[in-house]
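There are 2 protein chains.
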Amino acid sequence: MGYYKLDEGKAMAYVKEQGFFPQEAKLQAKEIGDGNLNLVFKIQDAESGKSVIIKQALPYAKIVGESWPLSVGRTKIEADALEVQNRLAAGLVPKLLHRDDELALFIMEDLSYLEVMRQGTIKMKKYPLFAEHISTFLANLLFYTSDLYMDSKDKKELVKRFTNPDLCQLTEELIFTEPYYDAERNVINPALKPYLEKVFWKKSNLFLEACILKYKFLTEAQSLIHGDLHTGSIFVGENETKVFDTEFAFVGPSAFDPGLLIGNIFINYVSWSGKDEKPEKIKDYRQYLLTTVNELYTLFEKKFIDNWDKDARDIRARVPGYKEHYMRNMFVDTIGYACMAMIRRMHGLAHNIDVDGIEDLERRRDVQILVLELAEELLLSRNKFANINEVTGLVKDRLF
Amino acid sequence: MGYYKLDEGKAMAYVKEQGFFPQEAKLQAKEIGDGNLNLVFKIQDAESGKSVIIKQALPYAKIVGESWPLSVGRTKIEADALEVQNRLAAGLVPKLLHRDDELALFIMEDLSYLEVMRQGTIKMKKYPLFAEHISTFLANLLFYTSDLYMDSKDKKELVKRFTNPDLCQLTEELIFTEPYYDAERNVINPALKPYLEKVFWKKSNLFLEACILKYKFLTEAQSLIHGDLHTGSIFVGENETKVFDTEFAFVGPSAFDPGLLIGNIFINYVSWSGKDEKPEKIKDYRQYLLTTVNELYTLFEKKFIDNWDKDARDIRARVPGYKEHYMRNMFVDTIGYACMAMIRRMHGLAHNIDVDGIEDLERRRDVQILVLELAEELLLSRNKFANINEVTGLVKDRLF
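Keeping their order, the protein sequence lines are chains A and B. Using this note's numbering, the first residue of the first sequence is number 1, and each one after it goes up by one. Using this note's numbering, the first residue of the second sequence is number 1, and each one after it goes up by one.
Among these hints, one or two may not hold up.
[Claimed, not checked] Below are the BS3-like pairs computed for lysine-lysine, each with C-alpha atoms no more than 25 Å apart in a straight line: (1) Lys323(B) <-> Lys126(B); (2) Lys153(A) <-> Lys125(A); (3) Lys275(A) <-> Lys303(A); (4) Lys125(A) <-> Lys396(A); (5) Lys216(A) <-> Lys323(B); (6) Lys216(B) <-> Lys384(A); (7) Lys76(B) <-> Lys302(A); (8) Lys202(B) <-> Lys216(B); (9) Lys153(A) <-> Lys126(B); (10) Lys216(A) <-> Lys95(B); (11) Lys275(B) <-> Lys216(A); (12) Lys323(A) <-> Lys275(B); (13) Lys153(A) <-> Lys203(B); (14) Lys153(A) <-> Lys16(B); (15) Lys193(B) <-> Lys275(B); (16) Lys198(A) <-> Lys216(A); (17) Lys16(B) <-> Lys126(B).
[Unchecked claim] Just the calculated beta-carbon pair ranges, DEER-fashion: (18) Arg318(A) <-> Val199(B): 40 to 48 Å; (19) Asp34(B) <-> Gly73(A): 54 to 62 Å; (20) Glu295(A) <-> Asp34(B): 22 to 30 Å; (21) Glu373(B) <-> Arg318(A): 20 to 28 Å.
For the record, the hints were derived by calculation from the structure and aren't laboratory data. Note that beta-carbon positions come from the ideal geometry of N, C-alpha and C, so glycine has one too.
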């Protein structure tokens, strides 16, 4: 019968039909999607408390409307990626319970008892196990889907299977292209516009670095990446970390995932300059964020190297010096992609609440400029940092 | 009826059936393949003189035998690549006349009135238009199939369509892996073996560079490359240049094609040290080879940049400095791949007649060592050359 768009009633009928709940169950359904590309329903049996999540792709981007068609085939890619992630990082992603590629939907476990990390970090919440968990997710996904581990032919099959043109194009345009000129889709704080026009859009040395990173994103097929790993794509709790929303998955540069994540943490770090919190509380939380970045990247590197030492299949991967070369490039590119994430969230199409929660537009602008300037400095000096501690050290020097 | 292997009789019946010749024509057929992976038949009508070439993929590598199975689907890739090349570099590749993916064959124009360039260069032949022609082939193919020109989605389709796991794996193993240890498939001049064991296989700094290039080959999806562009894959005449045998085509590093070609020319350059020719003749031919390399690379760069200036679609590609960055990387990697080609032809599985034509094994060894040492020096210093003239200058300094 082909694709049809779910509403709450149809969603409840569908999960019953699939046997997730008895026919007589009294279900409640709610559309809880806050993303741009999909419908997300939480379906719950009021009596038993049991619940599941249905995610269905829309044939267009919600934020823009029907004028921007997108293939619903991306749900197949997301479900495929979720399967790979469940295999390589079990417990750190939602369990996949059911998929229906024709309806462009899948059903997964309900994790809404956890908090989206972005919501927590804007309230200064701390997550003691986050660095430990996310570093495992990154190290396993990025190593075991690379040529260091995979059979050459299987890797090529992986590239083919995860070809994701629509969502890659979104990233190419929204992250790497449009923030660097006065593009129509940019969403610009009017108070920031003069800075963009007089300063930011004239920085051709910065554009060059953005361009170099764009072409790496376009051509570097290293690992099956999550593709959109910001703090809004992670559920966190005291003892749990669950990465979700992996519809941007494709085989791309391994540094992209840790980069986006670190960039988003840095945005939160800077955002406190525009908020009315006590200086001691801000200092304490900022220190927590820097420690988190240090830990997550250091642990990520350590675990990636452990995987390499244990499981690298290609004999060339054991040549002295190659591991150091690889880790170094990944580190430098991680900082590069972090800066790309920081910049695009200030005046590109999609912002985030860390900064846009600052209601006064002039105050928001001041924070946006701080983020843009910090990103610029990190981007242009990324080759000079010896390790992540030097990066967070510079951030702390500039602003604490 | 599926795949069946042609012999001369079946090949003649097939071309008649396809209408290339009348049923009553008196055809002659000859298997002329000297490659490892295919059958190649020349079919000629003795009366009219008209002839065509049929190329059919074997389900295994001829050089190894049936123990090494290969997918015959690669003929589809070769025919697809030939279509793209005919579009982007018309007149510089054979015309594709017919294809039959089920039989894993295609029919193309007969170019056997031309000479394979390797056969010419071992006889010191000169080709005045070669640099001009091959630079157009390279500049058009490598630019117009890259992200600099192509729509992002079309490019991803191209990557998918030209996924070529079998033949890429051959390159990965035979060029980038096996020459660097005492691998079973290596074909080693017994007189060379002590040098490999005592010297070459201990050079871990050289292995590191080979490894870096291997991973670029594995992950860098820049342009639809020929994939095996050596002097045995090019027909040349006084006024014509035709690139053939493109079954290794895939979307890979753009530097790979010019690199392999230059490496093979350098092998011919060194090979004269093992041959009984008059020194003046050798000097004259060597100067011709160096001039050819200078011209072909300089013209390639110029034409690639012309294409860029005229046709780059991505607005980011016009950011000041990016073109220089791209051209520089392509140049440095070209030298790297040239060295990979030089090394693998000395003691890997597939050699070439330039050096293996030297019958005395000790004399051949001396030339092989010259090639290996030259490759090593170029490889380790490739970042320091400002341009191709400095590369050929070093070659001339070492040996003339």
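Quick rundown of the hints versus the structure:
Proximity of Lys323(B) to Lys126(B) is assessed by CA-CA distance (about 33 Å); at most 25 Å being required, the pair is judged violated. Between Lys153(A) and Lys125(A) the alpha-carbon distance is near 44 Å, which puts this suggested pair outside the 25 Å criterion. Restraint check for Lys275(A) and Lys303(A): the C-alpha separation of about 36 Å exceeds 25 Å, so the hint is violated. The hinted pair formed by Lys125(A) and Lys396(A) meets the criterion: a straight-line CA distance of about 20 Å does not exceed 25 Å.
Annotation: proposed proximity of Lys216(A) to Lys323(B) holds, straight-line Cα distance about 14 Å (limit 25 Å). For the given pair, Lys216(B) sits about 23 Å from Lys384(A) by alpha-carbon distance, which is consistent with the 25 Å threshold. The straight-line distance between the Cα atoms of Lys76(B) and Lys302(A) is roughly 44 Å, outside the 25 Å bound, and the hint therefore fails. For the hint pairing Lys202(B) with Lys216(B), the CA-to-CA distance comes to about 23 Å; that is within 25 Å, so the pair holds.
Pair hint Lys153(A) plus Lys126(B) does not hold up; C-alpha atoms about 41 Å apart against a cutoff of 25 Å. Only pairs whose Cα atoms come within 25 Å are accepted, and Lys216(A) paired with Lys95(B) is rejected, the gap being roughly 35 Å. A C-alpha spacing of about 46 Å is found between Lys275(B) and Lys216(A), which places the hinted pair above 25 Å, so the restraint is violated. At most 25 Å may separate the alpha-carbon atoms for a hinted pair to count; Lys323(A) and Lys275(B) exceed this at roughly 43 Å.
Proposed proximity of Lys153(A) and Lys203(B) is contradicted: the alpha carbons are some 29 Å apart, above 25 Å. With a C-alpha separation of about 38 Å, the suggested pair Lys153(A) and Lys16(B) falls outside the 25 Å cut-off, and the hint is violated. Proposed proximity of Lys193(B) and Lys275(B) is supported: the alpha carbons are some 21 Å apart, at most 25 Å. Note on Lys198(A) and Lys216(A): the hinted pairing is violated, with a Cα-Cα distance of about 29 Å set against a maximum of 25 Å.
Annotation: proposed proximity of Lys16(B) to Lys126(B) is violated, straight-line Cα distance about 38 Å (limit 25 Å). Range check, Arg318(A) to Val199(B): about 21 Å between beta-carbon atoms, so the 40 to 48 Å window is missed. As the Cβ distance of Asp34(B) to Gly73(A) is approximately 44 Å, the hint placing it in 54 to 62 Å is violated. Distance hint check: the CB atoms of Glu295(A) and Asp34(B) are about 59 Å apart, inconsistent with the given range 22 to 30 Å.
Restraint check, Glu373(B) to Arg318(A): a C-beta distance of roughly 25 Å satisfies the suggested window 20 to 28 Å.
Of the hints listed earlier, those the structure fails to meet are numbers 1, 2, 3, 7, 9, 10, 11, 12, 13, 14, 16, 17, 18, 19 and 20, in rising order.
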